[in-house]
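Undergrad: Here the working numbering is used: the first residue of the sequence shown is 94, the next is one more, and so on.
Since the hints were made in silico from the structure, they are not lab data. Any given hint might turn out to be false.
What the hints assert, rightly or not - Computed cross-link-like contacts, EDC-like style, restricted to lysine to aspartate or glutamate with a CA-CA straight-line distance of at most 20 Å:
#, residue 1, residue 2
1, K216, D192
2, K216, D198
3, K216, E206
4, K203, D192
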Amino acid sequence: MKSNKILNILITLIAVVGGILFIRIFMEDAEALKTDVDLGNNVISPLIYYSTWLFYATVIVAIVLSLWSMFRNPENLKKTLAGLGVLAVLLVVAYFLSDTAAVYDANGLKVLEGGEEGSSTNKWVGTGIWYSVILGGIASLFFVWDLLKGLVKS
Numbered sequence: 094m095k096s097n098k099i100l101n102i103l104i105t106l107i108a109v110v111g112g113i114l115f116i117r118i119f120m121e122d123a124e125a126l127k128t129d130v131d132l133g134n135n136v137i138s139p140l141i142y143y144s145t146w147l148f149y150a151t152v153i154v155a156i157v158l159s160l161w162s163m164f165r166n167p168e169n170l171k172k173t174l175a176g177l178g179v180l181a182v183l184l185v186v187a188y189f190l191s192d193t194a195a196v197y198d199a200n201g202l203k204v205l206e207g208g209e210e211g212s213s214t215n216k217w218v219g220t221g222i223w224y225s226v227i228l229g230g231i232a233s234l235f236f237v238w239d240l241l242k243g244l245v246k247s
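Based on the provided sequences and hints, a complete structural model is requested.
TA: Here it is, written out as structure tokens:
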């Protein structure tokens, strides 16, 4: 019960600070914000920095709590490591399916900057595309499988 109160106080403080920073923007003239760089930096930058650091803190807390939960329950750790292993194997398959062909502009006349043949960027972009296709195909198979199971049960 005490941790709930602490969490509620923390959430309230975060919301109040964000609200104050947000209200400060609306207190200024919109045209002045567009033309006066110093005013924009003094009013908008604090909200952006606050949001960025809040995002970083949220990501760190989520990762730490997830890892803590996994290490406290070895069965979940085994499942997670097995899942990561499968994803790694699929990434290797996608890497070998991708190519390093040159990337041309929309007219097909000029090779785009950074898209030269043999470029590692091309290889990793191709890997990302193939990885998405493979994972999408697997997800589609599971979707159809679940749909068929639902139809058979009915």
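Undergrad: With reference to the structure, classify each hint as holding or not holding.
TA: Now the hints, each set against the structure:
| no. | hint | in the structure |
| --- | --- | --- |
| 1 | K216 to D192 | holds, 6 Å |
| 2 | K216 to D198 | holds, 18 Å |
| 3 | K216 to E206 | holds, 15 Å |
| 4 | K203 to D192 | holds, 19 Å |
Going through the hint list in order, the structure satisfies each hint without exception.
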